[in-house]
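Asker: Residues 1 to 83 (my numbering) are what the sequence shown spells out, left to right.
Mixed in with the good hints, there may be bad ones.
[Stated by the list, open to error] In silico lysine-lysine, BS3-like type, Cα no more than 27 angstroms apart, as pairs: (1) Lys10 to Lys54; (2) Lys58 to Lys32; (3) Lys28 to Lys9; (4) Lys66 to Lys31; (5) Lys39 to Lys28; (6) Lys16 to Lys66; (7) Lys16 to Lys58; (8) Lys58 to Lys28; (9) Lys32 to Lys66; (10) Lys16 to Lys54; (11) Lys9 to Lys32; (12) Lys31 to Lys54; (13) Lys28 to Lys16; (14) Lys54 to Lys28; (15) Lys54 to Lys9; (16) Lys21 to Lys54; (17) Lys58 to Lys9; (18) Lys28 to Lys10; (19) Lys9 to Lys39; (20) Lys39 to Lys58; (21) Lys54 to Lys66; (22) Lys31 to Lys48; (23) Lys21 to Lys9; (24) Lys10 to Lys21; (25) Lys21 to Lys66; (26) Lys58 to Lys10.
[Unchecked claim] Estimated spans, in silico, between C-beta atoms of each pair: (27) Lys39 to Lys9: 15 to 21 angstroms; (28) Trp41 to Gly70: 25 to 31 angstroms; (29) Lys10 to Phe83: 27 to 33 angstroms; (30) Gly82 to Asn43: 18 to 24 angstroms; (31) Glu17 to Glu78: 26 to 32 angstroms; (32) Phe83 to Lys32: 17 to 23 angstroms; (33) Ala59 to Lys9: 15 to 21 angstroms; (34) Lys16 to Pro56: 16 to 22 angstroms; (35) Pro12 to Leu52: 21 to 27 angstroms.
In short, the hints are calculated from the structure, not lab data. Note that CB positions come from ideal geometry on N, CA and C, so glycine has one too.
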Amino acid sequence: MPLYMDVHKKVPGLTKEAVAKAHAADLKVQKKHGVEYQKYWFNEGTGKVFCLVKAPTKAAADACHKEAHGLLADEHHEVQEGF
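Work out the full structure, taking the sequences as your base and the hints as a guide.
Answerer: In structure tokens form, the structure reads like this:
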């Protein structure tokens, strides 16, 4: 299954607690969309969030985000895991 890094360029009011809550919401509905969220990174100062997700398509990852919390990514990049 493809691996994507999605980028949210500016999430208004981003906090550590808010991004953890959004990630937990993704985990609750991910199976329904055939995706598997792996990890996330964020910067409270800039409001940027990066999500690593295994998904059959970018649209499936977006559908999960939309249902879970409504925060859609601005960009999706297909990536390969390195060591």
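Asker: Each hint needs a verdict: does it hold in this structure or not?
Answerer: A quick look at each hint next to the structure:
Straight-line distance between C-alpha atoms of Lys10 and Lys54 comes to about 23 angstroms, which keeps the hinted pair within the 27 angstroms bound. Taking the CA atoms of Lys58 and Lys32, the gap is near 15 angstroms; set against the 27 angstroms cutoff, the hint holds. Taking the CA atoms of Lys28 and Lys9, the gap is about 24 angstroms. The hint holds against a cut of 27 angstroms. Restraint check for Lys66 and Lys31: the C-alpha separation of about 14 angstroms stays at or below 27 angstroms, so the hint holds.
The hinted pair formed by Lys39 and Lys28 meets the criterion: a straight-line CA distance of about 14 angstroms does not exceed 27 angstroms. Taking the CA atoms of Lys16 and Lys66, the gap is about 20 angstroms. The hint holds against a cut of 27 angstroms. Our distance criterion of 27 angstroms between C-alpha atoms is met by Lys16 and Lys58, whose separation comes to about 25 angstroms. The straight-line distance between the Cα atoms of Lys58 and Lys28 is roughly 18 angstroms, inside the 27 angstroms bound, and the hint therefore holds.
Of the supplied pair hints, the one linking Lys32 and Lys66 holds, its CA atoms being roughly 12 angstroms apart against a limit of 27 angstroms. Under the criterion of a C-alpha separation no larger than 27 angstroms, the hint pairing Lys16 with Lys54 is consistent with the structure, at around 23 angstroms. At most 27 angstroms may separate the alpha-carbon atoms for a hinted pair to count; Lys9 and Lys32 meet this at roughly 26 angstroms. Distance hint between Lys31 and Lys54 is fulfilled; the C-alpha atoms sit about 11 angstroms from each other, no more than 27 angstroms.
Under the criterion of a C-alpha separation no larger than 27 angstroms, the hint pairing Lys28 with Lys16 is consistent with the structure, at around 19 angstroms. Our distance criterion of 27 angstroms between C-alpha atoms is met by Lys54 and Lys28, whose separation comes to about 15 angstroms. Straight-line distance between C-alpha atoms of Lys54 and Lys9 comes to about 20 angstroms, which keeps the hinted pair within the 27 angstroms bound. Among the hinted pairs, Lys21 with Lys54 is consistent with the structure: their alpha-carbon atoms are about 20 angstroms apart, no more than 27 angstroms.
With a C-alpha separation of about 17 angstroms, the suggested pairing of Lys58 with Lys9 holds against the 27 angstroms cut-off. With a C-alpha separation of about 24 angstroms, the suggested pair Lys28 and Lys10 falls inside the 27 angstroms cut-off, and the hint holds. In summary, the hint linking Lys9 to Lys39 is supported, as the alpha carbons are separated by about 17 angstroms, within the 27 angstroms threshold. For the hint linking Lys39 to Lys58, the alpha-carbon distance of about 16 angstroms falls within 27 angstroms, and the restraint holds.
For the given pair, Lys54 sits about 16 angstroms from Lys66 by alpha-carbon distance, which is consistent with the 27 angstroms threshold. Restraint check: the Cα-Cα separation between Lys31 and Lys48 comes to about 25 angstroms, which is no more than 27 angstroms; the hinted pair holds. The hinted pair formed by Lys21 and Lys9 meets the criterion: a straight-line CA distance of about 18 angstroms does not exceed 27 angstroms. Note on Lys10 and Lys21: the hinted pairing holds, with a Cα-Cα distance of about 17 angstroms set against a maximum of 27 angstroms.
Only pairs whose Cα atoms come within 27 angstroms are accepted, and Lys21 paired with Lys66 is accepted, the gap being roughly 14 angstroms. Taking the CA atoms of Lys58 and Lys10, the gap is about 19 angstroms. The hint holds against a cut of 27 angstroms. In this structure the hint that Lys39 and Lys9 lie 15 to 21 angstroms apart at CB holds, the actual value being about 19 angstroms. Checked against the given bound of 25 to 31 angstroms, the beta carbons of Trp41 and Gly70, roughly 20 angstroms apart, lie outside it.
Our hint of 27 to 33 angstroms for Lys10 and Phe83 holds, since their Cβ atoms are close to 32 angstroms apart. Checking the proposed 18 to 24 angstroms range against Gly82 and Asn43 shows it holds: the Cβ atoms sit about 22 angstroms from each other. Remark: the range hint 26 to 32 angstroms for Glu17 to Glu78 is upheld by a beta-carbon distance near 30 angstroms. Phe83 and Lys32 have their C-beta atoms about 32 angstroms apart, which leaves the hinted 17 to 23 angstroms range violated.
The given range of 15 to 21 angstroms is respected by Ala59 and Lys9, whose C-beta atoms sit roughly 19 angstroms from each other. Distance hint check: the CB atoms of Lys16 and Pro56 are about 30 angstroms apart, inconsistent with the given range 16 to 22 angstroms. For the pair Pro12 and Leu52, the beta carbons lie near 22 angstroms from each other, so the given range of 21 to 27 angstroms is met.
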